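Visitor: Modelling step: build the complete structure from the supplied sequences, incorporating the hints.
Protein chains in written order, with the numbering used here: chain H, 14 to 686; chain X, 181 to 252.
Simulated from the structure, these hints should not be mistaken for laboratory data. Remember, predicted model here, so these are calculated numbers, not experimental data. For glycine and all other residues, C-beta sits at the position ideal for the given N, C-alpha and C. Just to be clear, a hint being listed does not mean it is correct.
[To be verified] Short derived list, chain X residues pointing at chain H, Cβ under 10 Å:
(1) 191
(2) 192
(3) 193
(4) 194
(5) 207
(6) 210
(7) 211
(8) 212
(9) 213
(10) 218
(11) 220
(12) 225
(13) 227
(14) 230
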Amino acid sequence: MCGICGIVNLGPGDPPDTDVLTRMMGRLAHRGPDSSGYYRDRHVGLGHTRLAIIDLETGRQPLSNEDESVWVTFNGEIFNYVEISKELTDLGHVFQTKSDTEAIVHAYEEWGLSCFDRFNGQWAVALWDKADNRVILSRDRLGIRPLYYTTTGNRLLFSSEIKALFADASVRRAFDPKGFSEIFTFWGPVAPRTAFRGIEELKPGHAAMVRGGKITSGPFWKISFSEEVPGFNEEDSAHQLRQHLVDASKLRFTRSDVPVGAYLSGGIDSSISSSIISNYTDVPLKTFSIRFTDAEFDEGRYQKEMVNKLGAEHKDIAVSNRDIGGVFPDVIWHAERPILRTAPAPLFLLSRLVRKSGYKVVVTGEGADEVMAGYDIFREAKVREFMARNPMSEKRSRIVMRLYPWMKRSPGNVPAFAKAFFGKHLDPSDPGLSHRPRWNTTSSLRHILNPDFREESDKANVIEDLLAGVPDDFSTWGSLLKAQWLEMVTLLPGYILSAQGDRMLMANSVEGRFPFLDCNFVDFAGQLPPRYKLFSLNEKHLLKIAFKDMIPESIINRPKQPYRAPDAASFFNDHARHDTRHLLWVQDVTSDAAITGAGVFNPRAVRQLMQKCRKIGGWGMSNTDNMKLVSVLSTMLLHHHYIENDGGDGRDNRPPGPMTIIDMVSGIRNEQK
Amino acid sequence: MGKMDKKQIQGYLKEFAAYCEHPGKDETTLLETALFLEDIFGFLLADDEICREMLGDHPSIEKFVFEKLARV
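Guide: Here it is in structure tokens:
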């Protein structure tokens with residue numbers, strides 16, 4: 014795992030500026046603190062900061078093929094690089110290193126753009142093909158690794174993080190109201206859009222080509238599903254699922270030259286991936302967990318049970334509300350987008366614990382909820398459809414009692430409200446039916462926007478745009494598959510894998526690996542009958558069957574509890590509820606002057622919200638008010654970091670040493686071995 | 181979903197029986213049973229069919245499903 018960046022001339026001009034390139038690399042130092050390097054010729058500069066995980070001795074970047082006609086800078090892992098390298102060696106390619114990076118170069122030489130189909134991994138990569146005079150950018154299938162780009166002057170800049178693009182002072186720094194419209198609907202931006210005007214993100218599963226001053230892109234992979242077909246057998250399917258997941262987990266634990274740890278949340282997904290390691294490998298297992306001092310959020314009981322069963326060496330971090338408030342400005346600097354919940358903050362603290370414990374790779378359960386239909390939104394959609402099939406029924410609405418059992422104020426406890434809330438937007442022909450309640454609830458946050466900003470934001474018909482891009486066979490899918498697709502193209506890349514995933518891990522130089530997002534597992538799961546994912550209202554049905562011998566019943570059968578953290582209560586003193594003095598930044602970023610200056614929010618609405626928070630200390634606030642507060646604070650911090658200031662966060666912005674330099678313009682060639 | 185044969189129908193019901201030991205346990209379990217049957221077999225249950233007499237145990241469910249499918 015690393016940071017990548019680069020500068021590509023889109024026409025005649027001076028060679029890429031090494032001052033800019035090294036400044037960009039410096040802003041990615043947290044992604045790759047072990048070393049850095051750049052390649053430059055008259056047309057292209059490729060930068061790299063390295064987190065050394067595979068081939069510690071010779072795996073430095075940028076690197077090239079045999080005749081130096083193809084250069085690469087790469088962030089991520091190609092887990093099947095051993096098999097690919099062998100195939101390429103048999104085809105006559107000569108490898109200089111034992112790294113997965115070199116496999117990419119030779120694979121591209123051999124198979125061109127179709128090489129990406131062969132990779133099982135998580136990547137953001139740039140290839141400079143001098144012979145064809147083109148730069149290729151590519152991003153993994155589901156968007157695990159980020160890749161942003163922009164144009165300025167006659168240059169294209171690309172990078173793992175937006176902050177590195179802003180290292181070039183000519184890149185404009187301004188919020189994009191349309192990006193905000195997506196965030197205030199889907200919880201995160203949908204690539205190519207970001208929170209910043211003119212900054213784009215390469216879509217997951219896509220490759221872009223830069224040639225002749227033009228940038229074109231297209232997909233090399235798409236999410237695919239099959240509907241119910243006869244012939245599936247539960248026992249056989251469970252056996253196959255287990256084998257796929259065992260393979261995916263082993264690959265992620267064993268393809269590393271440094272020790273690999275595991276997150277253990279207390280839920281079924283991370284329990285399974287950890288159990289696989291314990292049962293199928295001889296790798297010593299080290300696990301890490303988040304505890305909460307607020308019992309409402311804590312899952313310590315289940316974590317302890319699983320640790321005891323695994324016999325793992327275990328560490329946890331007890332996170333208080335005050336801890337969340339304290340790290341929140343750093344969290345937003347790394348997240349580079351407004352967020353609506355504080356949930357990324359404890360994950361930032363957890364990766365810090367991992368790093369301090371001497372680990373730089375962890376396996377987590379991310380992706381299982383999307384791929385195996387674990388989220389409440391899938392159950393909710395099924396319940397809503399059940400109600401809609403007979404709206405006059407006296408009985409059906411009572412099934413909402415089965416929803417959200419973990420919520421203090423579960424809608425099932427207020428049947429009249431639940432019937433009214435879940436009974437809306439039930440047009441069977443609506444492709445977004447499953448997600449309308451969430452989208453509508455989230456969109457209501459826009460009421461606190463400044464009218465001008467909101468007008469601009471509302472010009473983007475983000476839901477219509479999203480639904481206009483559904484796959485050709487979308488209409489033939491059942492409701493669960495439609496909901497899964499929507500979740501996998503919005504929340505998964507735009508929030509789960511980014512704001513909660515890559516950014517919070519890489520903030521502390523830790524790589525995340527996700528067996529449930531293995532391409533073979535995802536393809537297998539996509540072909541399963543939907544009932545094996547959500548069976549009646551039982552989420553991850555087949556997963557539970559497949560691993561029932563490894564996971565304690567108390568964890569298999571516990572009601573699904575989403576990972577959450579205290580929101581508004583994190584920003585007010587735990588003991589003196591009316592006092593925010595320990596978080597001076599809260600006062601700074603929510604002052605009338607700051608709110609008016611940023612121009613995003615309505616000052617009066619923010620003032621009222623803050624008064625309410627102070628009055629009740631952030632406790633017991635509604636779902637909407639919690640999201641309003643977190644969105645205001647995160648947006649204003651983002652403004653502070655990236656609009657008022659240049660995105661460097663006052664850090665020294667020097668690339669980590671030792672630095673490899675391959676400069677065809679100046680003739681300096683200082684290849685570190 | 182195309183037309184199902186007897187073996188297929190019994191296969192689905194066997195899976196449901198393994199998942200839900202007591203379908204007639206309480207009102208919401210009966211509703212969940214109805215939800216499953218509608219999902220899989222594509223028919224609609226009237227309120228008076230969502231009851232212990234029809235769906236309270238697995239033999240009753242099997243009888244109900246075959247009769248219902250024969251009618252639609």
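Visitor: All hints, please: hold or fail.
Guide: Comparing the hints with the structure gives:
A hinted interface residue such as residue 191(X) counts as satisfied when its beta carbon comes closer than 10 Å to some beta carbon of chain H; here the least separation is about 8 Å, so the hint holds. For residue 192(X), the interface hint holds, the least distance from its beta-carbon to any beta-carbon of chain H being 8 Å, beneath 10 Å. The interface hint given for residue 193(X) is violated, since its Cβ lies 12 Å from the closest Cβ of chain H, which is over the 10 Å cut-off. A hinted interface residue such as residue 194(X) counts as satisfied when its beta carbon comes closer than 10 Å to some beta carbon of chain H; here the least separation is about 9 Å, so the hint holds.
For residue 207(X), the interface hint holds, the least distance from its beta-carbon to any beta-carbon of chain H being 6 Å, beneath 10 Å. Below 10 Å, beta-carbon pairs count as interface contacts, and residue 210(X) has one with chain H at about 8 Å; its hint therefore holds. Interface hint at residue 211(X): satisfied, since its Cβ lies 4 Å from the closest Cβ of chain H, which is below the 10 Å cut-off. Restraint check, residue 212(X) versus chain H: the minimum CB separation of about 5 Å is within 10 Å; hint holds.
Hint status for residue 213(X): holds, given a least beta-carbon distance of 8 Å to chain H, under 10 Å. Checking residue 218(X) against chain H by beta carbon gives a least distance of about 7 Å; that is within 10 Å, so the hint holds. At a threshold of 10 Å, the smallest CB-CB gap from residue 220(X) to chain H is about 7 Å, leaving the interface hint in force. Because the smallest distance between the Cβ of residue 225(X) and any Cβ of chain H comes to about 8 Å, under 10 Å, the interface hint for this residue holds.
With a cut of 10 Å, the hint placing residue 227(X) at the interface with chain H holds, because the nearest CB-to-CB distance is about 5 Å. The interface hint given for residue 230(X) holds, since its Cβ lies 6 Å from the closest Cβ of chain H, which is under the 10 Å cut-off.
Hint compliance for this structure: hint 3 is the single one not met.
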